[in-house]
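Trainee: Sequence:
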Amino acid sequence: MFSIAHTSEANVEHIITDLNVSKATTKNGIPIKLIKENVDIFSPILCYYFNTGIETNLFPFTLKLAEIKPTFKKDDRWNKENYRPVSILPVVSKVFEKIVYAQISTYFNPILSPIQCGFRKGHSAQHCLLVLLEKWRKSLDIKQSAGILMTDLSKAFDCIRHDLLIAKLHAYGMDLKSLHYIYDYLSDRKQRVRINNEFSEWKDIKYGVPQGSILGPLFFNIYLIDLFLFTENFDLVNYADDNTPYACKKSIEEVIVTLENSTASIFQWVDYNYLKANPEKSHVVLSDNRERCVNISSENIQNTPSEKLLGIIIDSELKFDIHVKGLCKKANMKLHALARISSFMSTTKLKILMKSFILSQFNYCPLVWMFYSRECNNLINRVHEKALRIAYKDYTSSFQELLSNDKSVTIHNRNLQLLATEVYKYLNGLSPKIMGQVFKLHDNIYDLRSDVSLKEYNIKTVHYGQQSITYLAPRIWKLVPAVIKESPSIQSFKLKIKSWVPMNCPCRLCKRYVPNLGFV
Numbered sequence: 003m004f005s006i007a008h009t010s011e012a013n014v015e016h017i018i019t020d021l022n023v024s025k026a027t028t029k030n031g032i033p034i035k036l037i038k039e040n041v042d043i044f045s046p047i048l049c050y051y052f053n054t055g056i057e058t059n060l061f062p063f064t065l066k067l068a069e070i071k072p073t074f075k076k077d078d079r080w081n082k083e084n085y086r087p088v089s090i091l092p093v094v095s096k097v098f099e100k101i102v103y104a105q106i107s108t109y110f111n112p113i114l115s116p117i118q119c120g121f122r123k124g125h126s127a128q129h130c131l132l133v134l135l136e137k138w139r140k141s142l143d144i145k146q147s148a149g150i151l152m153t154d155l156s157k158a159f160d161c162i163r164h165d166l167l168i169a170k171l172h173a174y175g176m177d178l179k180s181l182h183y184i185y186d187y188l189s190d191r192k193q194r195v196r197i198n199n200e201f202s203e204w205k206d207i208k209y210g211v212p213q214g215s216i217l218g219p220l221f222f223n224i225y226l227i228d229l230f231l232f233t234e235n236f237d238l239v240n241y242a243d244d245n246t247p248y249a250c251k252k253s254i255e256e257v258i259v260t261l262e263n264s265t266a267s268i269f270q271w272v273d274y275n276y277l278k279a280n281p282e283k284s285h286v287v288l289s290d291n292r293e294r295c296v297n298i299s300s301e302n303i304q305n306t307p308s309e310k311l312l313g314i315i316i317d318s319e320l321k322f323d324i325h326v327k328g329l330c331k332k333a334n335m336k337l338h339a340l341a342r343i344s345s346f347m348s349t350t351k352l353k354i355l356m357k358s359f360i361l362s363q364f365n366y367c368p369l370v371w372m373f374y375s376r377e378c379n380n381l382i383n384r385v386h387e388k389a390l391r392i393a394y395k396d397y398t399s400s401f402q403e404l405l406s407n408d409k410s411v412t413i414h415n416r417n418l419q420l421l422a423t424e425v426y427k428y429l430n431g432l433s434p435k436i437m438g439q440v441f442k443l444h445d446n447i448y449d450l451r452s453d454v455s456l457k458e459y460n461i462k463t464v465h466y467g468q469q470s471i472t473y474l475a476p477r478i479w480k481l482v483p484a485v486i487k488e489s490p491s492i493q494s495f496k497l498k499i500k501s502w503v504p505m506n507c508p509c510r511l512c513k514r515y516v517p518n519l520g521f522v
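Residues in the sequence shown are numbered from 3 upward in steps of one, following this note's numbering.
Hints are computed from structural coordinates only; laboratory data are not their basis. Virtual Cβ for every residue (Gly too), placed ideally from N, Cα, C. Please note that the accuracy of each hint is not assured.
Beta-carbon label-pair distances, calculated as ranges [claimed, not checked]: (1) 77 to 403: 41 to 51 Å; (2) 227 to 74: 29 to 39 Å; (3) 124 to 189: 28 to 38 Å.
With the hints as constraints, model all of the structure from the sequences given.
Mentor: The following block contains the structure:
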């Protein structure tokens with residue numbers, strides 16, 4: 003059985019010291035800066051009140067008052083449905099929550115499904131997308147079919163039933179005393195909306211976990227654990243409240259049937275757990291571009307050539323040209339703004355702006371979309387070159403000279419460095435378990451550390467076989483010098499890999515064009 007334990011003054015002091023002074027707090031709350039400056043006074047007081055709360059099963063009522071800041075998500079700004087209600091809580095509440103979070107997450111991390119990639123340290127959207135896309139590529143490489151169905155949950159965080167969450171916590175091993183404390187934390191909460199300096203009236207919160215809290219995402223993950231028992235016979239990508247079943251079968255008809263069955267299981271679990279699904283907002287992408295329908299809860303969902311999943315536009319042919327061109331368009335828009343102010347700023351400041359607002363466009367899930375076309379590669383390089391010219395105010399040097407001056411590499415080479423980093427993390431047990439579906443260790447006769455490498459697979463096609471992480475990763479890893487491979491820590495590896503440029507890379511973008519021969 004798990005029980006929430008008392009804390010120490012040293013632990014509270016450590017948590018207070020790590021607080022971010024730039025984070026918002028409630029209007030009448032104690033400023034974070036004041037607490038940090040007087041940590042020697044606050045830490046014993048907060049330690050006493052936390053331990054007293056554990057003994058009496060009470061969470062202070064004043065720490066349950068949240069101010070809601072509507073955060074815009076996308077589309078129409080005049081539609082209130084397009085705003086996310088982020089809770090701004092008192093600083094002391096965050097201190098108490100961090101103490102509880104550290105204990106609960108340590109106990110529940112082994113219980114969480116390996117598929118769950120949201121709100122977990124060391125897990126990212128890139129990991130779950132890589133698993134999906136590698137299976138898709140492998141299926142198409144052997145002339146089979148694949149497809150994904152993107153489901154939508156309505157206000158998932160705000161619909162969680164407190165009594166059901168408590169029942170699940172008890173089922174997973176939390177003792178009654180701790181359950182009373184968690185139930186008191188969830189109960190009798192109030193919130194009001196804050197826009198500028200105007201406030202709404204206080205309203206009771208009867209359901210859900212507060213978005214913006216520290217414990218909220220953890221409780222949401224725990225609430226979802228048994229979902230994966232409903233779908234253990236199907237393939238599923240999960241990130242927070244995004245649940246996307248996918249299928250790789252011999253025929254497109256089998257794919258459609260599998261997607262219908264897996265989605266029906268998901269929606270059945272959703273009904274059992276008092277959440278609300280939106281079948282009309284579901285989207286289907288199939289490897290077969292012909293018009294086909296998938297039936298979900300009496301709704302016929304028409305397949306489309308491309309859709310956005312976790313911020314990445316996935317097309318049926320896995321080319322990612324649409325996504326990459328969109329990134330270049332956004333980067334170019336910011337590039338024009340940077341050019342207009344460049345004459346008024348120093349090179350140092352321009353470099354910071356270049357990396358923060360322009361090159362950062364290519365930092366999200368790069369291993370997912372790295373197999374783009376030569377046309378897109380040229381677009382990215384042009385954006386990169388323009389950004390360097392503006393930042394260094396150098397309009398005569400070549401692209402390679404600009405990169406050398408900046409001590410950087412092209413976006414593609416940067417992606418290859420990131421791929422090598424992901425391999426290092428996997429070989430050293432630093433990757434999430436889900437990456438075991440992408441990488442496999444080579445079967446060596448002798449168990450020697452120097453022989454540890456990734457398994458290489460036979461492929462049949464260029465587009466789906468060669469342009470895959472499964473094919474490229476072991477070959478890139480062989481090119482990494484031993485002095486980098488043998489780095490004692492991930493921090494040391496990342497520092498060394500930044501200066502490495504792969505020679506004789508086998509990927510399509512690194513091949514050179516030879517007249518009368520083609521790309522070699």
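Trainee: Are the hints correct? Go through all of them and say.
Mentor: Okay, the hints, checked on the actual structure:
1. 77 to 403: 41 to 51 Å: holds, 43 Å
2. 227 to 74: 29 to 39 Å: holds, 31 Å
3. 124 to 189: 28 to 38 Å: holds, 33 Å
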